[in-house]
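*Asks:* Listed here are the chains, written in short residue letters.
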Amino acid sequence: MNAATELSLETAFAESQIGQVLDKLDAELVGLEPVKSRIRDICAFLLVDKLRSQLQLTTGAPSLHMSFTGNPGTGKTTVALRMAEILHRLGYVRKGHLVAVTRDDLVGQYIGHTAPKTREVLKRAMGGVLFIDEAYYLYRPENERDYGQEVIEILLQQMENHRDDLVVVLAGYKDRMEQFFRSNPGMSSRIAHHIDFPNYTSGELLAIGHLMLKQMQYTLSREAEAALREYVELRRTQPNFSNARSIRNALDRARLRQATRLLAQRAKSLSARELMTLEAQDIRASRVFTQVARGRAS
Amino acid sequence: MRLTQGAFSFLPDLTDAQIAAQIEYCLQQGWATSVEYTDDPHPRNTYWEMFGMPMFDLKDAAGVMEEVNACRQTFPNHYVKVNAFDATRGVESMRLSFIVNRPAEERGFGLVREEGAGRNIHYTLGRRA
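Sequences listed follow chains A and B, in order. Those letters in the first sequence? Residues 1 to 298, per the working numbering, in order. Those letters in the second sequence? Residues 1 to 129, per the working numbering, in order.
It is worth saying that the hints were derived from the structure and are not from the lab.
Interface residues of chain A toward chain B, partial, derived using beta-carbon atoms under 8 Å: (1) Arg94; (2) Lys95; (3) His97; (4) Lys123; (5) Arg124; (6) Met126; (7) Gly127; (8) Gly128; (9) Asp165.
Positions of the beta carbon are idealized from the N, C-alpha and C atoms, including for glycine.
With these hints in hand, go ahead and build the complete structure from the sequences.
*Replies:* Structure representation (structure tokens):
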């Protein structure tokens, strides 16, 4: 009996190929240790739960609705995509697609428009994961006739009735989500997993930058690498910093500058290496550096 | 008299699981499904009443089944059918249509005689009272 269960846990793990997804999660997402360990916990629980049901032990159908809180650019959408895949592999959602929506997609424009609109989105998400970005916008206490409340009511009802068909993930900034849950206790209690996404450290942001460049097939010259490190440090202290997204934007702009630089010297023949390499000047031309210089001067 | 319109109508009524499986097939083909109902199943009554909007971009049959069940609940004594529309260029028509709900008692049709010019008799199908 003992050996048999051990064996089946092993095979269940292999069969679900969950190891691959978790490895991919580790490889593609830098940092986010608390998130990863939480996902591993959920995976383990679901796997064990599945085995328990095979042995006809009692299993409460696990509630899988989640809330992802964290600052912009901390990887909430990416993790939600992976989560859909993981739940699909484990057989908890049938299709494993992700439907990402915001308030606009759910709330109608006039009386009686909201319910059909929300239901349509819910129907599209069935068999997969519904990802509601910036979910706190659904609840607007300052306007009691706001249709967002209707969306919340329908969501609550469907989250209960269609537990097998639908997993709902709410995402947003931490403080505002907490306020949202305080004003909608029904929502809070129906969500089993509250996962908080921490900000990235400078080292992690740099690693993310390298990962992005690798995917885009670019490399950094040694000076550019130092410039990027400096850039990350500076950018973190400036307003509207949105973690990985800021890094992506910075790299995109560096690519633009590189293209302009190459075009300026078009008489010269180019090597593949030059096409791939970002130089320090491409990064140092950023507004971020000049703003700091100006700040020091004044 | 059992109404025989659409696919599967000579078979015993499909179970919900079978209906879901058929819808699943439709969605896999990329067809848009819709639910319609009527109390007048005359063969020439091509356009039944729509129950809600046609459903596009669905991935799973659960959404359609919800709509089917809602329609059955609202109109337990009507005919309800599921349509699957193929929007592929050059096709643009219904690919599959089958009945998912029938009234408890199906009245069927009767023969209606109409006298025309020169005492000619025209025959047609009419609703049985």
